[in-house]
Every structure is written in structure tokens, then in C-alpha cells.
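**Q** Below are the chains, spelled out letter by letter.
Protein chains: 2
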Amino acid sequence: MNYLSSDFDALKNEEKVLRQHFEEIKAKGLNLNMARGKPSPEQLDLSMGMLDVINSSSDCHTALGTDCRNYGNVAGIDECKRLFGDVFEVDPQSVFVGGNASLTLMFDTISCFMTKAVYEDTLPWYEVKNRKFLCPVPGYDRHFGITGYYDFEMIPIPMLETGPDMDMVEKLVAEDDSIKGIWCVPKYSNPTGITYSDETVRRFAALKPAAKDFRIMWDNAYCIHDVTDTPDTLLNIVEECKKTGNEDLPILFCSTSKITFSGSGVAALSASETNMKFLLDRYNFQTISYDKINMLRHAKFFEDYNGLLEHMKKHQAILAPKFETVINALETQLKDTNIANWTNPNGGYFISVNVLNGTAKRVVELCKEAGVILTGAGATYPYGNDPDDSNIRIAPSFPTVGELESAMDVFCVCAKIAALEKLLNK
Amino acid sequence: MNYLSSDFDALKNEEKVLRQHFEEIKAKGLNLNMARGKPSPEQLDLSMGMLDVINSSSDCHTALGTDCRNYGNVAGIDECKRLFGDVFEVDPQSVFVGGNASLTLMFDTISCFMTKAVYEDTLPWYEVKNRKFLCPVPGYDRHFGITGYYDFEMIPIPMLETGPDMDMVEKLVAEDDSIKGIWCVPKYSNPTGITYSDETVRRFAALKPAAKDFRIMWDNAYCIHDVTDTPDTLLNIVEECKKTGNEDLPILFCSTSKITFSGSGVAALSASETNMKFLLDRYNFQTISYDKINMLRHAKFFEDYNGLLEHMKKHQAILAPKFETVINALETQLKDTNIANWTNPNGGYFISVNVLNGTAKRVVELCKEAGVILTGAGATYPYGNDPDDSNIRIAPSFPTVGELESAMDVFCVCAKIAALEKLLNK
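Residue numbers (my numbering), protein chains in the order written: chain D, 1009 to 1434; chain F, 1009 to 1434.
No lab work stands behind these hints, which were simulated from the structure alone.
Think of the CB as a built atom: it goes at the ideal place given N, C-alpha and C, for glycine as much as any other residue.
The reader is advised that the hints may include incorrect statements.
Looking from chain F toward chain D, a few residues come up when the C-beta cut is under 7 Å (computed) [to be verified]:
1) Asp1060
2) Thr1074
3) Tyr1079
4) Leu1111
5) Thr1112
6) Met1122
7) Tyr1127
8) Thr1130
9) Tyr1134
10) Thr1295
11) Asp1299
12) Ile1301
13) Ile1425
Turn these sequences into a full structure, and let the hints guide you.
**A** In C-alpha cells:
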């Protein structure tokens, strides 16, 4: 039933049926969560073997002879630099291996630029009173959290099917030197799941920002996180930047949070010589070294990049049916209504749904009433402000397929009810 | 032979004998290191069992049901909060458990105050252009590194046998509101090994700083790190601050870096409600959670505070003979000469030696020539500037007792030669 072309009585009748269904669902007392991109226990179980590769009889030395139990090696052990070098497709010498969270590496990077100048003729961002950051929307709430904490004015950039609207990005950064950076999840973007096109990557590499210290925060969180057998590919931004002489533009981030353990993975960044020196000037005071035993544990468990890719196949086997469940529910229950559209990504952790404008908050509220927790409406926009009140991020990884089926029934019913409430009150 | 009361010819003769001895030592081609407070492999071996308490068949949930493998619990797991609560002698609810390094928690604390104001009527320290920090000397170079990085003017405060010179501290903080804090290692201080007297702690708790946002960085790094059976005791600053209404004054830090693994321990801080809220406002953006599996690993390995103290006895058994070796060498080889004095601490990681004024750099240089690496002279002072060029920090933990004996022979010969060079050139 196409809600947008149906008459009042038909809609009224549909609403009555749905309200009854909603009451039946509520009576079930569901308690399901599709709010955060958390791996399921089954996925975490895939890495339990990693907890055995270092034990009381292990030699905890690296190939180069570093005792991982002791202090030292601020930039991480070579074994992990090589592994992340392969993930990033960069020279391992440009890699810094940190603690358990790439979010922390990103926060610390912004924090570093806040109080120190990367070039002699630039200012610490703290001193740029009208500092701004570009935020592709819908995007990742925790990115916006960092630049929000540091009082940046956050400028939303629409996400197109090819990535951020590059016409807008190019124009803005060229004319305003208080714009200091942009948040990017270039592959299987959070939450739309789209991957930046080759042209988008090339245009990023060719940017001519007015701010010499403009930085692309290239959060490649889902770089090897395919959920289908037709994975996306992403152009190597480091190589492109070499061609344009813009080596200092991007800083790359990733982690094993969604590969091994979300709480106990290893994070890494890759940066140009200038950026790395700038960041190391800080890290040399911030720490003596990050957890090298956990680095060694990861390096031994995977052995090499191929081992990592083999491991990702196991995640794919668990995640693929969950993504299919969500897409199937949307297709069968919402497609005809014409009140919503959604992405169908080849990887990552999310499906992005746009419900009828002005109803996202209401959908989330109704779902909660029926025992299904979603990411807060607006969370995918800076300041939590989705001007269309339309975007909802669905995170299908944590629930079981059975739970997802129930949760998606709830979601679709709620999306319909919210739409009908709006259409009937026009 | 008392160098200070001997005549020129006697000193000249002594120098000749020592130079010959020095050449013999050099010929041995030693390669020893007493530079950093690094635990020895034997000490690290004490915690190898910890690598077995969590393995592939472990239940990784906390008592409260948190899956340590997944995201969440930004302030750490309850099991570790309790353990560190006992170490700090504070309410576990005032504890934040972080990553592997208390240095990082300290850096991040200063970093937090740099760009945000803790009270409505104070300023982010970045905006205090002549910001200053008090630095007890000799002290810990990595502390000075943090406030140096953030461009504080660092004011040296002499260390007395009771702790920092409190007359000076009280006077300075009362009259200058650009003084924002002081670095303290209150127990087995780095490098002198002295423990603050009860009166010193009470005077800290009773400080009336002109700066409302003055903070005491209470780095209790060696809180349970005794090396003798007559350990020092430290008054509980949190309790004292409750009495004076100065709860926001201290922020406490510690870690298991010198309890389990220096590279893979767990660090914690304890702070007042106001400070904790201020810091959590940042941590909630900086991370989703620190490594909870490593927290659980520690909690399970020690079980409770008594388990921790039992473990420290094993460290003591390894460290005590090393401290004795250093003290014996100093007593037998340097005491008569009257050119040096030193501390004889009941715990911690260091022995602080004052050689003849104006010779510390030369002693370090001579030692290096003979194959013994010491902490750089001056490192224990802000800006590496020891005005007397006298203090040298000896770190006896890493070498074996045999190596220490050789290294201390070198040290004593070099201290004597440097003194003679100075005395003979008067």
C-alpha cells in the first residue's frame, strides 16, 4: 500500500490495524537493541584463541628482541606496524600503533592540533576562535563528539552516493581558512555503508584548502569489513596525495575493535613524516609505550595480512544473514509504502534508513515503547540535529537473526504508524 | 681518604692510581645500564601466571555481567575499581581505571585542564599565558616533560627530608594565581626515595592557593613498593583534604607498571566528584572504554588487595639485594672521600646520589666511556638544569647483582676521578 497516494479513509483503516498489531507486540515485552555497532558474542568468540597465543610459557620478545613486557617502543612493535601497514596499504614506517581504541587516537590527534601548531606559520587551533570542521551527514556521532568537545563549529556536508558532496567541500575549504578538517569514513561509511568513489578520493587528494593545516581525518574503520561477496574497493588516498604533493593532508586511522575484541583490540594510525613528527612530539610525553603484549598477541594470532583476511571471512559469515534480515524486512514491509528508503551496503556495520521526513524521533520513541532500542534520531548529525528528522541508523550486528526479525517487525510497524500519524494530521 | 682535606700531591697520586684503574675497567668493554627504572626480566617473570588466568575457555564477564571483550564501561570494571580503591585507600566509586600507563592519565589530566575550565569562574590553562607549575627537585623527568610540553614555567622546589619545602610551596601558591599545580611522588619519591612526612601531607591538604583551580598531581607510583622490612607509611591525603574542605585539590595516580608488566599493566586515578565529572566529560569523548580484558586479567590474578601485597613481597626479595649492593658500594668506596652523599630509601626504584658540585655531567660522561649508562645528569631537574650539576639518579632494578657490582665500581671510580679533576684544577 502506497501511503503517499492513498486516501484518508484507507490510511485511517491501515492505522487502526497497525495500532492493534503494535499493542500485540508491546505485550510481548521485547528487550532488543540495535543502537550501537557492537559485535555479537558469537563474533567475539572468533578471537578467543588469541587469548592462548601468549601464555605463561611464551617468549614475549619481538623478532627484533624487544621484551614486550617492559617499557619502550612508543610507536609500537614492528610486527604490528607491518600488519597495519598492509591494512592501510602504506609503508609500515609511517604507522603508529596505539592502545585499544582508534577513537582515542583521533581524539588525541585533534587534541594535539588544539594546543600546538603543526607548521611554524600556523596557529594552534585553540587560538582560531571561529574554528570549523566539516561533517559529512549522516555520519558518526562519536566523530562529532570530539569536534563538539573542542568547540568547533560543525558544518554538515551532504553524503551522496559517491561520498561527501565534493563541490561543497572544495568550495568551503578554498575560501575559509578557519575550516581545519573533515571527518571521513571512506569505506562502508558510518551509517550509510557507501564507499567513496575513486573520483571522490582523487578530489580529496587534490584539495587546495585555505588553511595550510587543514587535515582529513580518514577513519578507515571498516577497511576489511565486507559482508557480501561483492566487496567495495577504495582508492589509496596516500598514493593519490603523493601525486598531488598533498602528503600532509590525510591522517589514517583503523583498529581491530571489530576484528578481535571491541574492548581489547589494537588501534593504529598512519601519517606523513611531518604529521608523524608532530604527533610523536606529543606521544613521547604522553606515554612510554602502549600495550606491547597485546600487540604481540594480535601479531601472533594473525601471523600476517592473509591471516587477518581469513579471519574477516568468519565475521562475514555471521554478519551477512543479519544484514539480509534487515534488508528483507525493509523490502517486504516498507517498500510498497513509499515512506522510507535505505542503503544496502556491501560491508561495514550499519544500514541507514530515511523514514518519512519529520518522523524519525517518533519512530525511535515508538520502538522504545515496544522494547526495541535504536540509535537516537539525530545522532548521525552534528549537535544531534537532523533538519529533516528522517535518518535512523540500524546496527544489526549484536542481536541474533531471530531477534533481528522481531526487532525489524517492530521497526517497520513503528515507521508506518509514525508516517500515518503525520499524513493523517496534515 | 678525605679528598676535601688532602693536599695537592696526595690527590695527584690518587688520581694517577684511579686513572689506571679506569683504563683497566674500560678494557673490560662493559655494557651496563642503570638509567631507567625498568623492572628486571626476573621481576617480569613473577607475573607470567597472569597470562594464563584468561584464556580461550575463560568467561570474560565481570561479576556484574559486563562482557569485557566488548565496548563499554568508560571508567573501568568494578573488580579493578575495588582493587585500586584499596591501593589508594579511597572509595572505589572515586576511581577511574584507564589504559596501561599512569603517565598517560597524568598527561591527559593536564591536557584536559589546558583547554577546559574546571569551574565556571576559572579559565582553561591555555589562556593563562604565564602559567606555572611547581616541580620538587630532584624529581621525575617525565613529569617535567608533560608541563614542559604544555609550556608551563616550571619552578623548582627543593626536596627536604620531609618532602617538598612547604614553606616555599605555601608562600608561592598563596601569592600567585598563575601557579596551577605541583608534581608529587609522595611515597618513595623519584629519585630521592623519601616519603612525605605526616606534617607535609597535612600542609598540602591545608594549602590556600590563590588559583582556585590549583591541583596537586599526587603520583603514588610506589605506594606498595617496599624494598626493606621497615617500610615508610604515607598519610592519606584524601582524608586530610576532607577535613580541610579541600577535596578538589589532589588527583591521585598509580599503576601496576611496576607490579605486573611495565608495558601491559593497568593504570588508575582517583579524584573528587568535581574533578571526576570534569575528567569524565572528556573521557566520554576520548574513548568508549579502556582494555577491560586486561583489567579482568589483573583482578583475577590478584583476587584482592592481599594478593597484591603478597606479590609485592616477591618484588622486594629481588630488589632488596640490588639496593643493598648500591648502598654498600657507595659506603665502602665513596664515604671516606667526603665528595658525595646519597639516600638510602625503604622502597621505590631509585637511589639519589649527589656527587661533588659541578661534576655530575662529567661523572655520567666518564661512566659512559667505561660502558655504564646512567640517567643523564640534570634529568631530575626541570629543563634538565641542575644548578649544582650534582644530582645523579641511580636505577638499580634492571641489572643483575653481579652487573650492579661492576657498574657501581665504575660509578665510584668515575665520581672520584671527576672530583679530583675539579679539585686539582682549582
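**Q** So, for every hint listed, does it hold in this structure?
**A** Checked hints:
1. Asp1060: 5 Å, holds
2. Thr1074: 9 Å, violated
3. Tyr1079: Hint on Tyr1079(F): holds, closest Cβ of chain D at ~5 Å, below 7 Å.
4. Leu1111: 6 Å, holds
5. Thr1112: 5 Å, holds
6. Met1122: Since the shortest Cβ distance to chain D is 6 Å, the answer is holds.
7. Tyr1127: Violated - the Cβ of Tyr1127(F) stays beyond 7 Å from chain D, reaching only about 18 Å at its closest.
8. Thr1130: Since the shortest Cβ distance to chain D is 16 Å, the answer is violated.
9. Tyr1134: Constraint on Tyr1134(F) satisfied, holds at 5 Å.
10. Thr1295: OK, holds: Thr1295(F) within 7 Å of chain D, min 5 Å.
11. Asp1299: 5 Å, holds
12. Ile1301: Hint holds; Ile1301(F) Cβ to chain D Cβ min 4 Å, cut 7 Å.
13. Ile1425: 31 Å, violated
Hints 2, 7, 8, 13 from the earlier list are contradicted by this structure; the remaining hints agree with it.
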